[in-house]
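Peer 1: First to last, the sequence lines map onto chains A and B. For the first sequence, position 102 (counting from the first letter as 1) is numbered 102 according to this note's numbering, and the numbering increases by one without interruption. Take any residue in the second sequence, note its place counting from 1, add 375, and you have its number in this note's numbering.
Treat the hints loosely; a few may be bogus.
[To be verified] Per the computed footprint, the stretches of chain B lying under chain A, defined by three or more beta-carbons under 8 Å from a beta-carbon of chain A, are:
(1) 469-478
(2) 671-679
(3) 688-699
(4) 730-739
The hints are simulated quantities; they were obtained by calculation from the structure and are not laboratory data. All residues carry an ideal CB built from backbone N, CA and C; glycine is no exception.
2 protein chains.
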Amino acid sequence: MVAPVRFELLAVDSGSAARSGLLHTPHGTVETPIFMPVGTQATVKGVVPDLLRAAGSRMLLANTYHLALRPGEAAVEQLGGLHRFMAWDGPILTDSGGFQVFSMSDRVTLSERGVAFRSHLDGSLLDLTPERAIAIQEALGSDVAMVLDHCPALPAEKAAIAEATDRTVRWARRCKEARSRPDQAVFGIVQGGAHADLRGECAERLVEIGFDGYAIGGVSVGESPEEIRKALDVSTPHLPSDQARYLMGVGRPQDVLDAIAAGVDMFDCVLPTRNGRNATCLTMQGTVRMRNAAHKTDPRPIEEGCDCLACSRFSRGYIRHLFLADEMLGPILASVHNLAFLHRLVSRAREAIRAGRYVQFRAETLEALGPSSVK
Amino acid sequence: MVAPVRFELLAVDSGSAARSGLLHTPHGTVETPIFMPVGTQATVKGVVPDLLRAAGSRMLLANTYHLALRPGEAAVEQLGGLHRFMAWDGPILTDSGGFQVFSMSDRVTLSERGVAFRSHLDGSLLDLTPERAIAIQEALGSDVAMVLDHCPALPAEKAAIAEATDRTVRWARRCKEARSRPDQAVFGIVQGGAHADLRGECAERLVEIGFDGYAIGGVSVGESPEEIRKALDVSTPHLPSDQARYLMGVGRPQDVLDAIAAGVDMFDCVLPTRNGRNATCLTMQGTVRMRNAAHKTDPRPIEEGCDCLACSRFSRGYIRHLFLADEMLGPILASVHNLAFLHRLVSRAREAIRAGRYVQFRAETLEALGPSSVK
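One chain only, chain A, in its complex shape:
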């Protein structure tokens, strides 16, 4: 059997674990490291597919829990699958709903069998077992499906984290047994909190089961950059170097740069679009708040030198006006810019890795960015 996705390593940095490669998927090949915009409900908020592609997006994320509730995976399947549904012909990764075990913990009943969610829409029950998580993702038809994992809320006792980690491994095994689509990859998810032994053990057991790639989970739950780094440092050494590594839910530029140095290939985060909707723009000189009065008659673009739609056509003055006037075009343009910014950041990281100068690139970029002020 041909592997549904295949990671091809092209270059490793000389001074760090940073690496660059290609991820071959049923919907085309993308360069890594890659940042994936989040289209929770099968749309990256406010951005039509052509604008996404123009901003540099090549692979998207969509959400199993949300799409299973609305419109339901059967509807998506009837409408030709997720790619056709949302008119995105590039690769798509679906997360499994595991993160919602954390983010919607007050709506969750958890057992060894799986997770029962009370719908946030109408209170109906979504019974998400590992088998069902895979079945939904197979119906959606993403290129990469994620195993259902148990992402515990932190802080927690080590024993509780160990239990969640064990369960994650058992569920991962059930996911692997349940999978049936030869054209869809399944990635395992490493849990274990901040505990090196739990993370290491989890990674090794997942590799033993064998997946098409591996994610580091449980790290976008409010932890510090140091904690993310630690989780990566104790996870990645246990993961095969010839398979893709995906850090879930991380998108702060500083954190992305750190994670790339630790050998991560894939990222996703709502950060660029959520901040864009809130009038906060990312630039290489730090964040710019578009509502500020200082921009009122500023003819400059959000970021000099940026070739995105927002920066190539519109002034800060105009974009400020759109936000003050509560016009949709403000969030749209700011989202497009933020996506273009993050795609450019990882694109430059790829170049630096291939040139063996990633450590220097990262230091210079962190210096320019200043301390992170976005969430």
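Take the given structure of chain A and dock chain B to it, following the hints.
Peer 2: Frame of chain A; chain B shown alone:
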């Protein structure tokens, strides 16, 4: 002096007063009849300029009252004028704020000198005289400016309408005297309610003053199609056939078809975008409500045969999902379709006029559309 805009008549229908021509403006030539989308606050809600153009938009409308309040015409001027500000390089028409005398009548103090508005944003005073209305529009730099008119709320006593009509003529004269930009046309506005004598007299006095084009105003204030037709029938015969005629605020497909038959060249209306945002789509088979459960797994586009972005890429099922999920992309796609629909309608009308078969075209189209169900 070269006229800032020039109307070139190309064809008159054989069975009606319908006509087709070209409007030459400082920002290019457009074919008439033309429908102009409304960008009140210097943006057609949710639609980036490239998508507008792809939907068939060639000339836009923006609003003097709203832009004078926010961001202020000085800010727009400093940012390079309205075209540069909103990144629209085609022609733009600005309305004068006269319609807001009607729509915001509770915020208005009217005198012979002009109109004082209490801002709907912060209660500050906007003192809109005919001279100021022209000065604002000159600062904005639109291709076509409108005179400040007095649009009375109906029903009203004939004496009150006569007074408003007289004032409209006096204000029009002051606007003409105030104008100073050789690259900006100024259109007069015919008022007079449903009274043939008032309309006729108003039109003749405006023509005597002499403008670059003429609008029929006061007809998007809740009147019936018959009342619109009557206002047109008693106004257009008094207007010069070698200048453009613009029916303000009308966009119901049925009304547009009627008005074209009466010899109108230009239209504007929020109807396509407002209905789009409310999930109501226009098609040649009547309106389609996108939230309807019937669309849940419908793979068809909003309208078969439509080549707009929404119809060429997305199913009714997907667009319904977007509306139910409260995703911005729903309003965006529905607005794009509705604009494409109206642009296609007038494009077909132009073809029919040039082929001398407009009466037949109109009858067939009205039959297909059924009774109007949009506002």
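Peer 1: Work down the list of hints and note, for each, if the structure agrees.
Peer 2: To see whether the hints hold, each was checked on the structure:
1. Counting residues of the segment 469-478 of chain B whose beta carbon lies closer than 8 Å to any beta carbon of chain A gives 0, which falls short of the minimum of three for the stated coverage.
2. Evaluation of the coverage hint for the segment 671-679 of chain B: fulfilled, as 3 residues show C-beta separations to chain A shorter than 8 Å, against a requirement of three.
3. Beta-carbon proximity to chain A at under 8 Å applies to 9 residues in the segment 688-699 of chain B; the threshold of 3 is reached and the given coverage holds.
4. Given a C-beta distance limit of less than 8 Å, the hint that chain A covers the segment 730-739 of chain B is violated, as 0 residues qualify and 3 are needed.
Of the hints listed earlier, those the structure fails to meet are numbers 1, 4, in rising order.
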